[in-house]
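Given chain A, put chain B in place with the hints provided.
For the record, the sequence lines run as chains A and B. Everything in the first sequence is counted per the working numbering, starting at 583 for the first residue and increasing by one. Everything in the second sequence is counted per the working numbering, starting at 1018 for the first residue and increasing by one.
Honestly, the hints are just simulated from the structure, not real lab data. Heads up, none of these hints are tricks.
Quick partial rundown of chain B residues pointing at chain A, CB under 8 Å, derived from the structure: (1) Leu1024; (2) Arg1026; (3) Ala1030; (4) Thr1144; (5) Gln1210.
Only pairs whose alpha carbons sit at most 16 Å apart, straight line, appear in this in silico EDC-like list of lysine to aspartate or glutamate: (6) Lys812/A / Asp1119/B; (7) Lys639/A / Asp1041/B; (8) Lys667/A / Asp1021/B.
Beta carbons are placed, not taken as given, at the ideal position from N, Cα and C, and that holds for glycine.
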Amino acid sequence: MSVEFDRKIHNTLADANLQLAIYTATGRLKDKRIETVAPDALPDYQELRTQANAVKKHTIENLDYYLEEFQRSLEAHGGKVVYAKDGTEVADFVLALAKDRGARLIVKSKSMTTEEVDLNERLEDQGLEAVETDLGEFIVQLARERPYHIVAPALHLTRYDVADLFTKRLNLPRETVIEKQTAIARSVLRQKFLAADIGISGANFLVAGSGAVVLVENEGNIRLTTSAPKIHIAIAGIEKMIPRAQDLAVFLKLLGRSGTGQLLTVYTSFLSGPRRSGETDGPDEFYVVLLDNGRTRLLPDRGKRQSLYCIRCGACLNACPVYRKIGGHSFPWVYSGPIGAIITPQFMGVSHEPGLPFASSLCGACSEVCPVKIDIPKVLLELRSDVTKAEARDQRNRLERLAFRAFAWLMTHPRLYEMAGRMAASVAPPDGSGWIRGVPAPMNIGPLRAWLSQRDLPPAPARSFREMWRRR
Amino acid sequence: MSRDNILHRVRTALGRSAGQAVADPPPVRIRIPDVDMEKRISTIFAAIEALAGKTHRAATPADAGGFVAAAIEGKSAVASNAPFLAECGIASLPGVRSGIADREELRGLCAAADVGITSADYALADTGSLVIISSPHEARLVSLLPPAHIAVVPRDRILTGLDELFSILPNPAAVASSMVLITGPSRTADIEQILVRGVHGPGQITVVVVG
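Bound conformation, chain A alone (with noise of 0.2 Å):
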């Protein structure tokens, strides 16, 4: 593990009220959560997560098939298509159609994907205006910040927090009441709306078979952003792809509730092309970009490529305990919690955090929640043997090869691994409390120091599953 995600992770755990607002805010949108998967809720809940993972291996298993559909599509009602293999491709491609268009001013709905090539510093860099509109993604914006959590961005600030930020960054005087602060935003951001020149999106779904992008959102920025300004893009991974339309009624189940709790989010916006002969409103131009950036890695790994099934709901993030405690920004990219655990690590190598993919307690929480049913445990046990392989060849972690040997062959002496165990449970505390974190030296040392700053057990039983079994 790097010292900075182990930083990260212990200024989180030290820091009481995000400490609380994590929990309460995931808490909440897991409760919502069940609320609306209940059987009597939503009684084909588990037929349409089969659905939807069927429909999702099948379009990533022939993903070539479905982009050149996909660009056929969308050219026959005028919207354009381009390739990009990363972030600096995406970014110029924007800056020269904002140069070739005169734009100077560009307004932003949330995106993940747009995020994850910094597009945003890309393009002031060059002296254009982007504008995150998303309530949430304002502020983190302001803040100068990654996003906190896929669907709630600004999770970690309190409304004091936003106070400071629209009086330091907005010259605006000091407002702490919520809804005030929502209303400065609306107006603040409606100049921009009406002003801008490019609108740039995401996309939740891109349909082969209409050349459709479809975008959910609660607030209607995104609605503004690609129907207010003449110029339309939306930014997706190769992935999002599905084969038709009628899919939707799969997935948009399944997204909002799995999400935030919602039947359906406020809206849904199913767009194809620019705006057409007779149509009063909406952009001129439309334009689709596709991004690589590390995803065709992902696809020859046969266990691995489910992977890029992900909707990004969030419901895993919420759903994980090692999330619930450690946070969003403790994680070392874009994508946190167990989804972001399983692409890091293939989007930018494993030795990018290799300490990433051991970073679960493998619960199994995210893929009993996951609306594709990716199974996140076993591609998070196949990624740590491949951090374990490529260590063993850097022949690092000797120790840890030693301590494991020695673990094993403990494990292979079921009378000398009950002796352990009963001396284990009569040095613990009878509370159980910190008794691995509280190891006395010197047995605290070196690497074992940080293993056992991070643990924790609960309290010993007074009799081992073993000796209960011998009295049953």
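Chain B only, in chain A's frame:
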């Protein structure tokens, strides 16, 4: 060319060749429940009200016109060019601007109006959604820029839900560049998870069902 490179990488990774056909995708899963019209109306009203939207049932188009006239009294409004709004007498109410076909003029009016009035192509009973398809009759900004939105919908356009919508419209791109589903007023909970309505879109929504 990134296009060819990316497609080549995808094909190599998947063991496919250019132009290779694909097996049929899993059959579409569409399930349309059998729900009678009165039940659809009570369901959609309950769903809209659960989202803090308002509802009204009008017996005739003229009654709907009367309801809207009272609701917008003293306010400025923009009405879409939907023929049904004209039939209800809404397009010609005092204070209502309608019949606008110029983009810039429409944008300016919508940005300044108190209320936007539209019809809807469909409505979805189980989620309380309005479905609006772009056309010369329905512009996008009427239901988006003003702080309040009133939609007046003939009752026979109320469908059971998403499945019925996509069975009637298997490919919305074939008919228009944009279809939007509107489910309740614009909302956010981005600051401390406190729900606030009307962040970018209308904070108030009223659905009038006619018939």
